[in-house]
Amino acid sequence: MPYISNTDAERQEMLARIGAARFEDLIKAIPEGLRLNHSLNLAEPLSELEISALINEKTCQNTCSQTANSFLGAGVYDHFVPAAVDTIVSRPEFYTAYTPYQAEVSQGTLQYIYEYQTMICELTGMEIANAGMYDGATAIAEAILMAVRKNRLLKAILPATLHPEYVKVIRSYTEGTGIELLTVPEKDGVTDLEALKTMMSAEIGSVVIQSPNFYGNLEEMFALDSIIHSQDKPLFIAAIDPIGAAVLSAPNEYHADIVVGEGQALGNSMYMGGPLFGFFASKLDMARQMPGRIVGGTLDKDGKRAYALTLQAREQHIRRDKATSNICSNEALCTLAATVYLSLLGREGLVEVATQSTQKAHWLAAEIAKLPGFSLVYPKAQFFKEFVVNTPIPARQIITKLVCQGIYPGFNMGTYGKPNQLMIAVTEKKTKAAMTDLLNALKEVSHA
Amino acid sequence: MPKTIFEMHSAGRKGVTLPKREIDTQLEQIIPQGYLRKEMAKLPEVSEQDSMRHFIGLSQLNHFIEKGLYPLGSCTMKYNPKVHEQLVRHSCFSNLHPYQPEETLQGALSMLYELQNDLAEISGMANVTLQPVAGAQGEFTGLKIIDAYHKAKGNTHKNKIIMPDSAHGTNPASCTLAGFKVVEIKSNEDGRVDLEALKAVIGDDVAGFMLTNPNTLGLFESQITQISEMIHAVDGLMYMDGANLNALLGIVQPGKIGFDVMHFNLHKTFSTPHGGGGPGSGPVGVVEKLLPYLPIPMVAVKDGRYFFDYSHQETSIGKVHTMYGNFAIMARAYIYIRMLGAKGLRRVSENAIINANYLMKLLEPYYHIQHTEACMHEFVADGTKQKKEFGLSTLDIAKRLLDKGYHAPTIYFPLIIPEAMMFEPTETESKQSIDDFAEAMIEIAGECETQAEMMHEAPLTTPVRRVDDVRAVKVLDLKYEIKD
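So the sequences go chain by chain: F and U. Just so you know, we're using our numbering here: the first sequence kicks off at 730 and counts up by one. Just so you know, we're using our numbering here: the second sequence kicks off at 338 and counts up by one.
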């Protein structure tokens, strides 16, 4: 049997030492009537060679975004991942280690988390970051919950421009907690400022704004700051793109109180959407209200620099039903990939990734808008690396046609009731040639 | 400790090269200045070699499975096979986008479909959602399903979840998040659910009962049939925390012995690596009557074509993850199940149970063990003898183990055993490695007698000495202050 060390002879030897004649003597506590009296109905076991063949067969039934010319985004992005990232996350020293509760033999994990926290603080302009959440959606949900712990106000405002799948997750997470979710409508692809003004009151606990928003558009963060903070208590929760953070206004510039987002784009492959990871940062006054793990610097017995999990009194293993969150396992290895990625890119490299993505996205948007039947859905809005276009025929039909040519032209907005819209994401990986292929294919569609 | 990566910064140094700009418009021409950042984020600038030396240097400060045994009880730190790691990195897994047309994802979807079915068979449940990305999120999902079931029946007064005092901390925390009130009941002298205590709190307001089985003392809850009858009598639902499923593969199907909902920890039972804290995966299985409430989407097949199934959208609890959960982790678990098959999985649990009992036998003369009956895949010893006789704590014993090249067991949990040390060797450890580990534990028992002073000082040989975590709370130092 694979991965089971002991032979039958050794089993017998051990049973004898235990004082049991046979294995069944050890499970007497399980009433006989509850035990399975037949084998599980599973496929016959495979050897390593055979499983490799089977997985190859499965992978061959997929067409990945490397073979295809993909313009899919909508929350998961195909940015370039340097080879060195995988070298580190493939180290058993990192990937087979447990959560760093025994600090003396976990300094490697603890120190990289400390560095990760520092990098997230740099990108967001915040004072404290935790070791990560499950994904962008749960990070927002947890931010809303944290805001309630801070100001005890049970109403939260979500923007209509938020990722619709995030909204579903946030609903699941807040339903049982007595929080009321309100929605501020959109206007021209961004949050309607006038509408938000009328919604603000002393009862609002937090306002979530995603920028770039679901459509890729940039929200008016400075104007939103004035509106949200016109009241004393509401917290401004900003959900941002961590690559965009290299060039777009830093959340501390517009006085965000909590900053979260989806971190996958930082050095993690897409893996059909999982694992993802959420980053979570805030001002220091919420340190004791934070969800998740936090690493702090400290000293060892000899006065030497060391790291440890800190503020653990917030967490489920100590505080149980009064914990700030139920999170235990997070997406640690993904945050390691992000830390290595950010160290390799460095400050200028990340700016370059963001800049090239923007340049290419804007060029492509302008070119598509010239095609007959195509136009930008939100011509007035500013956008980062993703944009939505009106299509002459339903996007679903365009996607079906282009898949045969090896092109994934974008996200079908018909999913959310806008059948004649296509949302297109561009990263630094796209070449002009690849974008021209998309343009030619779209041109054919518009002629047909 | 090594320098931080920020101290290695040298302005202009690069760790990666990017293609030349094909389109070189000024950023300010495409995005107005008012939207742009005023000051650069101060990320470190290092070469690739700098970065590799730094992170590999850090890695060498960790304990990990390939280095030595990891006896953490209830964490199931079994060996993580390497073929999983290689196969899952295939570009046609790693570069799949979740919104690709379904016809380009057939291989991936068929794998998820098979995994759903395999986990359903292993647990005896009607079907399984793969969406939750961690055990605690699985608990939360299961509790939402319980809530949805009661709401659908108009039982809005059912707001209590009962659990024993030996429960994992995530259980009560997940209940709070799902909007339930937690009622903790005492365990009996046997270390199991106290039926009298249970009777005393059962009422019409009970939504469900949450139980880890085998429990966190490593004991099978033998009265499970009576418990589930009592809970079902008030139309409550039985939730099983599957953290300890490694004891039951091919031996007991939880869905067939009274449980209505359970979560799996793929990163425990099904050998996916812990990653230093994650990513994990926490699928949830349910019995027939709860199928309408599973998260959307499920993976289904029709006429040989696999697809995301949203048909139960109206009754579903909704979503708990942006996409479909941790695909890369599920792929590893799928490979594991396919390589072991029914016989192999049964053998996993048998050997896990034998290994735990064997280790308990070896340690029994040296450490106090409250519940000495045969255990399942883990057992709880404690340091009360060493505390009473030599003034040494379980923490001292745990730290001394680090000196001997081992990770510590789970300590001070379950909360009901003073000075608890919970051991779970797992089936991947051989007799020799358990013998060696027991030898180390016995040596430590001796050192407690003869070298109490040294024991207070342990560990002596680890990369850092005992870490001051009180200071880490008092003097908050949560990020590096970048100087440049």
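The set of hints was computed from the structure by calculation and includes no laboratory data. It cannot be assumed that every hint is accurate.
Unchecked claim - Below, simulated DMTMM-like cross-link-like pairs (lysine to aspartate or glutamate); rule was C-alpha separation at most 25 angstroms, straight line:
#1 U:LYS768 to F:ASP754
#2 U:LYS536 to F:ASP1050
#3 F:LYS1109 to U:GLU818
#4 U:LYS741 to U:GLU786
#5 U:LYS518 to F:GLU904
#6 U:LYS419 to F:GLU773
#7 U:LYS497 to U:GLU625
#8 F:LYS1130 to U:ASP805
#9 F:LYS757 to F:GLU773
#10 F:LYS1130 to U:ASP646
#11 U:LYS375 to U:GLU403
#12 U:LYS357 to F:ASP1050
#13 U:LYS488 to F:GLU909
#14 U:LYS404 to F:GLU739
#15 U:LYS357 to F:GLU1077
#16 F:LYS757 to U:GLU625
#17 F:LYS1012 to U:ASP361
#18 F:LYS1012 to U:GLU818
#19 U:LYS680 to F:GLU779
#20 F:LYS1033 to U:ASP387
#21 U:LYS820 to U:GLU526
#22 F:LYS1099 to U:GLU365
#23 F:LYS1161 to F:GLU1077
#24 U:LYS593 to U:GLU625
#25 U:LYS768 to F:ASP1050
#26 U:LYS680 to F:ASP954
#27 U:LYS680 to F:GLU742
#28 F:LYS1030 to U:ASP541
#29 F:LYS1130 to U:ASP640
To be verified - Among chain F residues calculated to face chain U with C-beta under 7 angstroms, some are:
#30 ARG900
#31 ALA979
#32 SER998
#33 ASP1014
#34 TYR1107
#35 GLN1111
#36 TYR1145
All C-beta atoms in this analysis are idealised placements derived from N, C-alpha and C, irrespective of residue type, glycine included.
Hint-by-hint comparison with the structure:
1. U:LYS768 to F:ASP754: 19 angstroms, holds
2. U:LYS536 to F:ASP1050: Holds - the C-alpha atoms of ASP1050 (chain F) and LYS536 (chain U) are around 22 angstroms apart, at most 25 angstroms.
3. F:LYS1109 to U:GLU818: Since the Cα atoms of LYS1109 (chain F) and GLU818 (chain U) sit roughly 40 angstroms apart, the hinted pair is violated (cutoff 25 angstroms).
4. U:LYS741 to U:GLU786: 17 angstroms, holds
5. U:LYS518 to F:GLU904: Holds - the C-alpha atoms of GLU904 (chain F) and LYS518 (chain U) are around 15 angstroms apart, at most 25 angstroms.
6. U:LYS419 to F:GLU773: 21 angstroms, holds
7. U:LYS497 to U:GLU625: 23 angstroms, holds
8. F:LYS1130 to U:ASP805: 62 angstroms, violated
9. F:LYS757 to F:GLU773: 29 angstroms, violated
10. F:LYS1130 to U:ASP646: Roughly 23 angstroms separates the two Cα atoms, so the pair holds.
11. U:LYS375 to U:GLU403: 47 angstroms, violated
12. U:LYS357 to F:ASP1050: 54 angstroms, violated
13. U:LYS488 to F:GLU909: 18 angstroms, holds
14. U:LYS404 to F:GLU739: Answer holds: LYS404 (chain U) to GLU739 (chain F) is near 23 angstroms, not above 25 angstroms.
15. U:LYS357 to F:GLU1077: Satisfied, since the Cα-Cα distance of roughly 14 angstroms is no more than 25 angstroms.
16. F:LYS757 to U:GLU625: 30 angstroms, violated
17. F:LYS1012 to U:ASP361: 37 angstroms, violated
18. F:LYS1012 to U:GLU818: 15 angstroms, holds
19. U:LYS680 to F:GLU779: 17 angstroms, holds
20. F:LYS1033 to U:ASP387: Distance ~23 angstroms between LYS1033 (chain F) and ASP387 (chain U) Cα, so the pair holds.
21. U:LYS820 to U:GLU526: Violated: LYS820 (chain U) and GLU526 (chain U) sit about 59 angstroms apart, past 25 angstroms.
22. F:LYS1099 to U:GLU365: 23 angstroms, holds
23. F:LYS1161 to F:GLU1077: 23 angstroms, holds
24. U:LYS593 to U:GLU625: 12 angstroms, holds
25. U:LYS768 to F:ASP1050: 40 angstroms, violated
26. U:LYS680 to F:ASP954: 61 angstroms, violated
27. U:LYS680 to F:GLU742: 21 angstroms, holds
28. F:LYS1030 to U:ASP541: 54 angstroms, violated
29. F:LYS1130 to U:ASP640: The hint holds at about 23 angstroms.
30. ARG900: 6 angstroms, holds
31. ALA979: This interface hint holds because 5 angstroms falls under the 7 angstroms limit.
32. SER998: 4 angstroms, holds
33. ASP1014: 12 angstroms, violated
34. TYR1107: 14 angstroms, violated
35. GLN1111: Status holds, d = 6 angstroms.
36. TYR1145: At about 12 angstroms, which exceeds the 7 angstroms cut-off, the nearest Cβ of chain U leaves the hint on TYR1145 (chain F) violated.
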